[in-house]
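S.K.: Protein chains in written order, with my numbering: chain C, 35 to 148; chain E, 166 to 282.
Among the hints, erroneous ones may be present.
As the list claims (entries may be wrong) - To give an idea of the interface, some chain C residues facing chain E are shown, with a C-beta separation under 10 Å as derived from the structure:
| # | residue |
| --- | --- |
| 1 | 67 |
| 2 | 74 |
| 3 | 82 |
| 4 | 137 |
| 5 | 140 |
If you're looking for bench data, these hints aren't it; they were derived computationally from the structure.
All residues carry an ideal CB built from backbone N, CA and C; glycine is no exception.
The chain contents come next:
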Amino acid sequence: NAGVTQTPKFRVLKTGQSMTLLCAQDMNHEYMYWYRQDPGMGLRLIHYSVGEGTTAKGEVPDGYNVSRLKKQNFLLGLESAAPSQTSVYFCASRRRDRATDTQYFGPGTRLTVL
Amino acid sequence: AQSVTQLGSHVSVSEGALVLLRCNYSSSVPPYLFWYVQYPNQGLQLLLKYTSAATLVKGINGFEAEFKKSETSFHLTKPSAHMSDAAEYFCAVSEDAGGTSYGKLTFGQGTILTVHP
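Taking the hints into account, I'd like the entire structure generated from these sequences.
M.R.: Now the structure itself:
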């Protein structure tokens, strides 16, 4: 049981390049989330998904797109990277059943945009 | 709308001293409150959570937190700090407004805890 995994762990992009971050969970969780972490700002929700084939915007969605074609995977895409997207990205997942359930986090992807 | 404020971006204590990390929240409905810990270059790990049962919540590694509705606070404490407690700590709030919040968390800014020998 690997929990939540993220690929890649590190990435350096040039301005304007595109990339996709992959999040995978093996806990059969319905809900999945993408956050970005910036110094002094905590974690902010980018997009989330409440089930296969569904996605919704979070607090800071601009410049990002997501897809959830399979229940276990949640992809975060940057179509044209900007230096402001330099950050650490975390994926999380949670069961749907109870509001009290916990979000489980992946190890993060550190992205630098030059 | 929900929000969280963590008072003090950095807290420094001596080994063996009391740890107190402050968290105040704002929520339009009864909240669910969480404390997460992040060790360097790692993801977030749940320390403890308040889910409207007991107001004093005990978590892992000797940490506990008390929900005080009148003060809208959920401060994290540990009686005796250990070197291994050095990390960044995040308070978070979630609402369950009829099940439509989808478990979304709003995080505080984080508090970096330093423990001196």
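S.K.: Could you run down the list of hints and mark each one as holding or not?
M.R.: To see whether the hints hold, each was checked on the structure:
Residue-level restraint check for residue 67/C holds (minimum Cβ-Cβ distance to chain E is 7 Å; threshold 10 Å). Using the Cβ-Cβ criterion of 10 Å, the hint placing residue 74/C at the interface with chain E is satisfied: the shortest such distance is roughly 6 Å. Contact between residue 82/C and chain E, as hinted, is supported at the beta carbon level, the nearest pair being about 6 Å apart and thus within 10 Å. A hinted interface residue such as residue 137/C counts as satisfied when its beta carbon comes closer than 10 Å to some beta carbon of chain E; here the least separation is about 6 Å, so the hint holds.
Taken as an interface hint, residue 140/C checks out: its beta carbon lies about 6 Å from the nearest beta carbon of chain E, inside 10 Å.
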